[in-house]
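Chemist: Taking the hints into account, I'd like the entire structure generated from these sequences.
As a plain string of letters, each chain reads:
2 protein chains.
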Amino acid sequence: MKEKRVSARDILQEWDIKDFRVIDKQAISEITLGASILATGGGGDPEIGLLWTYKVLDEGKEILMVDPMEIPDEIQTASTACLGAALVLTEKPPSGGVLNLAIRRLEQYLGRPIQATIPIECGGVNSPVAYAAAGELGVPVIDVDGMNRAFPELQMTSWVTHGVHSSPTVSVDNRKNITVIDTGDDDVLAETLARRVAMAYGGISWIATYPLTGRQVKEASILNSQSIAWAAGHAVMCARQEHLDPIAELLKSLKKERDVEGFRVFRGKIVDIRREFGSETNKGFTLGQVIMEGIDEYKGQTASLDFQNEWLNLRVDGEVLCLPPDLIAILDSETGEPIRTDIMKYGYRGTIVLIPAHERMRTPKGIEMFGPRHFGYDLDYVPVETLNG
Amino acid sequence: MKEKRVSARDILQEWDIKDFRVIDKQAISEITLGASILATGGGGDPEIGLLWTYKVLDEGKEILMVDPMEIPDEIQTASTACLGAALVLTEKPPSGGVLNLAIRRLEQYLGRPIQATIPIECGGVNSPVAYAAAGELGVPVIDVDGMNRAFPELQMTSWVTHGVHSSPTVSVDNRKNITVIDTGDDDVLAETLARRVAMAYGGISWIATYPLTGRQVKEASILNSQSIAWAAGHAVMCARQEHLDPIAELLKSLKKERDVEGFRVFRGKIVDIRREFGSETNKGFTLGQVIMEGIDEYKGQTASLDFQNEWLNLRVDGEVLCLPPDLIAILDSETGEPIRTDIMKYGYRGTIVLIPAHERMRTPKGIEMFGPRHFGYDLDYVPVETLNG
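From first to last, the protein sequence lines stand for chains A and B.
So for the first sequence, numbering that gives the first Met the number 0 puts the first residue at 0; every next one is plus one.
So for the second sequence, numbering that gives the first Met the number 0 puts the first residue at 0; every next one is plus one.
Derived from the structure by calculation, the hints contain no laboratory data.
Misleading hints may appear alongside valid ones.
Chain copies aren't distinguished; within one or between two, either way the pair holds.
As the list claims (entries may be wrong) - 20 angstroms max Cα-Cα, derived SDA-like pairs, lysine to any residue:
1. Lys175 to Asp185
2. Lys255 to Asn223
3. Lys175 to Val187
4. Lys298 to Leu320
Model, not experiment: these values are computed from the prediction.
Modeler: See below:
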């Protein structure tokens, strides 16, 4: 029996969409760089996601991105992602077909096919993975995500704060173990279960999640977040070639794409890292605190950052300069390459850049679900532009 | 749209089976008492399972039990059970329909209907629950189980040691949360996942598991284990009415049904209980150790028993008298009622009875999977009849 193969192009024709962007290797490398910067220290090793996407392109599969406002309301989409501690991912690279298995089981549970992928977050792994999955499945990827940053927990999305849910979520591993999690509207329980499953798998799982309709994608996503990441990555890559200041180019790009001001607030080197060891197996996150000593005009100042996969907050000489869900990036001052929580080491030097979170992440529900108090800080949320105004 | 209702009687007629036993309230109360005794201190509060089964019978539903050797090879069966810490169960009694939900989702995942239930173990909850589920579903219950005792972990069955598996397992809770676990032939991982899910649900889950064919039921189950429990319960109930020694009647029944000798080895009172507190949330079991001081002819002797939901081993004055998978029951000397690990208290008095495990639990694979070394004892398995010969 021959399986009828569809392609992303067929699907777009069926939806009568003529306007789309073709994602080639240059495009995905720019998107992934931008997404890594917006991942605020998390999101994992871009090499893993990129190599996967390159392989899909090398096999002749096409990856096409469409604007969310173009898609039909009734279509079925889903997100695909890696869930677990990024530190473990480097030890357990994915095998081909693992996301395909998750998607197929999600389709079986839903009783309908997935017609497009939606990236869950901005990250070195989870951004390109959504493109690789789209290419493998022969469906388009939609120019949205659920955060326009990375966040450590499954429910920390604009999707949940706008009333749509992660259930059912299918979690698989390289050995073809499958777990289907269906907790209705209890997204925190879904995260708890998905995290425990990932830990039982050995630290990392691959999930198909957030089965959203086209209408829900439009109403609850961070719209055009892929374009924002792409422009950021493009700006930094151009700066490298033209020997410009990559951080200035990044801030210009964010101003142009999102009309927001970013802040360059510190330059220094890492002098202390306190990792919570055992946390991989206990909680399924990369956890700890890092201390940076200022250099150049910041000499004599001390910055401290907590992290749970991602940077959570920034204090300089005790003064709070950034709180979740606003974004923190530590970037190599020469290349703009982000320093990640899972690979940073003593002596790394970088510039700290702060970026306002997207407005769909700053709703009262958003601040409740992933603001400072959720992460255990006894502080009200104050926007980064107020703290640095 | 009217749903076509089937009944257990229709199914048996379709299979051309004329020989079956009708389970009424008296029958299920005898089966449950016998199962509680064989549960070796575990299996949970019989009231919960019994009340559930009574309710099903009061609704006019029929519960029919068939001999395993009569069923067709190709039919689809499954087990239904409570998985978690029995101590929590008393706090969180089940709501109606919870097992139905698990069975329906298992059928959906398998793509075929469940045509009979198979009790997973002998226990105050899990024995009657298989009957209640059969009555609610309108399918027969088969005269088998996977242990002919209770054991704390999902993979500790004759089914696994005879090459059939618990996957897929569907785990649900009272709030209709659903998790489908499919780990292929990795039954230990299925247990790990099911346990973590139960803990995330709040300590207790209801599962539909071990989707066995009729042929697998015959080849891998403890055959006629329901009849064994029923006869044991009947013997003890008759002894109570006729003022006979319930323990002597129990041992006679086991001799008659299974042709095995049981051993009455100790009488005493509980003088110390060391519970591992916090274990409910950490590991999902009722864990600890109990010390009994001998009375009557055992005066001056000390018995110690470890437990993990069930009694695991017995030492009297340091000498090992019973090792898993052989059975340990502490029974009220007057009524034959079992003293369970989840409800025992300082001062409880009882007689300790030891019973050889079923031969299908004593295979080399069985000893490897649930013998003394599996539970952390640095001891080779020695049959209870050798230790007490």
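Chemist: Okay, which hints does this one fail, numbers in order?
Modeler: Hints that this structure does not satisfy do not exist here, as all of them hold.
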